[in-house]
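J.: Sequence:
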Amino acid sequence: MIPGVTLPLSSLPLLILALFVAQSFHELGHALAAACESIPLLSTGVHLWVALPTFYVSLPSATQSSPTSELRIATAGVWHNLILVAFYWLLSEQGAALGRTAASPAFRAVDVTVSDVVPKLFWIPLWLPRTLEAFYSNTISLSLALAFFNLLPLPRLDGSAILLSFLRCVHAQPQDLAMEEG
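The sequence shown begins at 6 in this note's numbering and counts up by one.
Some hints could be false.
Said to hold, decoys possible - Simulated restraints, written as ranges between beta carbons of each label pair:
#1 Ala40 / Pro160: 36 to 42 Å
#2 Leu131 / Leu12: 18 to 24 Å
#3 Ser66 / Thr11: 36 to 42 Å
#4 Arg135 / Val175: 44 to 50 Å
#5 Ser48 / Ser15: 34 to 40 Å
#6 Leu168 / Leu14: 18 to 24 Å
Derived from the structure by calculation, the hints contain no laboratory data.
Using N, Cα and C, we set each Cβ at its ideal position, and we do this for glycine too.
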């Protein structure tokens with residue numbers, strides 16, 4: 006998916022919007038997990054890296070949180086990306102027919118696509134169904150790539166935090182874990 010090479014350059018705005026949605030939902034997952042663990046956020050923001058937006062959530066490094074809390078926070082971004090993939094897949098035409106079948110039970114026996122039904126409504130532009138389908142497809146691809154790329158145990162990626170938190174959980178003493186759950 007390289008705009009101007011494997012995709013038309015006109016698809017670049019939609020691709021950047023899908024990247025924006027996937028990254029912001031990923032970082033929202035970290036922020037919500039930190040809030041559930043009562044860990045305050047230091048900052049949130051956006052950086053531009055080679056003209057592409059990158060989002061971040063900054064947490065305090067010297068917290069007295071448990072290894073399982075750190076593990077929950079570190080994995081929350083990946084889980085949120087997978088939830089976003091499932092949601093957009095359900096909406097897409099390749100998905101579970103929510104975007105493919107009309108709401109009426111009479112249409113359920115026949116395969117009716119969104120573009121077959123929606124353009125007949127005068128107030129919806131003809132380009133909207135295909136644009137939404139392209140947006141869903143781009144968001145699914147980028148969310149999956151973001152989730153799996155972040156699982157790599159490299160510095161500054163979630164995978165390194167997941168690995169370190171997992172190792173702390175494995176090496177934690179049983180009484181420490183009992184105190185943490187209680």
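J.: All hints are to be evaluated individually against the structure, with a verdict given for each.
T.: Here's how the hints hold up against the structure:
Between alanine 40 and proline 160, the C-beta spacing of about 25 Å breaks the proposed range 36 to 42 Å. Between leucine 131 and leucine 12 the C-beta distance comes to about 21 Å, which sits within the given range of 18 to 24 Å. Between serine 66 and threonine 11 the C-beta distance comes to about 40 Å, which sits within the given range of 36 to 42 Å. Taken as a hint, the range 44 to 50 Å holds for the pair arginine 135 and valine 175, whose Cβ atoms sit roughly 49 Å apart.
Range check, serine 48 to serine 15: Cβ separation about 35 Å, and the 34 to 40 Å hint holds. As the Cβ distance of leucine 168 to leucine 14 is approximately 39 Å, the hint placing it in 18 to 24 Å is violated.
When the structure is compared with the earlier hints, violations turn up for hints 1, 6 and for no others.
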